[in-house]
Amino acid sequence: MVRETSSCARSRALGIVLGGMTQKCASEKLGVNIRTIRRWLSRYQNEGSFENMHERGRKSKLTKVAKIVIAKSISKRHQSTRKLAKRLRSKGCAVSHTTVRKYLMSHSNQNDRVWAYDRSQLLPSERIKFLSRILVWGVMSFRAVSELHFIPKGQTITAEYYVNEILNGSMMSSLLRQPEQGSILTRKLVPDMSRYIFQQDGASAHTAKRAQEWCNTNLVEFWHKSQWPGNSPDLNPIENLWSIVKQEIELMDTPTNISMLEKHIKQAWSQISPETLENLVSGMPKRMKLCIKQKGGYMVK
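Counting from 0, one number per residue, gives the positions in the sequence shown under the numbering used here.
Think of the hints as simulated: they come from the structure by calculation, not from any bench. Keep in mind that a hint or two might mislead.
Calculated pairs, BS3-like style, for lysine-lysine (alpha carbon to alpha carbon, straight line, at most 30 Å) [what the hints assert, rightly or not]:
no., residue 1, residue 2
1, K265, K82
2, K90, K285
3, K82, K187
4, K152, K262
Could you build all of it, start to finish, from the sequences and the hints given here?
Given below as structure tokens:
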């Protein structure tokens, strides 16, 4: 098997030779056969590049769709290379976990280097060492969403804060809406406000006695903590909505401060389509059946 050499090594070889050293010296420094060095230099002189020809060598077993599936699965938990390979095989792509692992490793570009004659030739690349984080709360229905509530930095979401600031504030203002029409940020969450069911996950602030009592007193109907299966984000459609919002934010300019990040979140939230909301909610019966079939186990989204 021919060993593939990185573009970084080829760039170093070119830099060494153009810097006045011999091809033999470049060969010794890089541990590459001198004939390979000569071939790289010849290609660069003739073609202006030493990159490989497009689609040379053995064709990858990973299809374009398979690569998209892998890329989307990277940020999810419970996604080992074996599980990913099994999932791909179920979709008709016969690959091993080793193939999946090699593909993931090939995109580990943290230590890539760029070589140039002068720093002015380099394109700047910003690296954020300490990423800013924001905690945000929101409500969705099949036809509308609430205004977002941003939790102040350093604020712990206790039962007291959840009831006083979120439920009594943001939640109640959403429930009191009157317009039947309008944007998803202003119209009623549901046409008949006497027939809704409020759903939340099992966070400690949500299941606290005070929060449960508030819901029992102020809401038409809600899922009591005893009805909510343990550790089951798969049954919460808003988790999928947050993923969609995150994807939209990643398409925007990289935020440089908290204010810019908040602006991006609000923009992505306001651009959610009614069709997206309806699809997420209408998919609940299917997900509940799948949860029963999986006996509460992890469900691939």
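List in ascending order the numbers of the hints, as given earlier, that are violated by the structure.
Violated hints (numbers, rising): 1, 3; every other hint is consistent with the structure.
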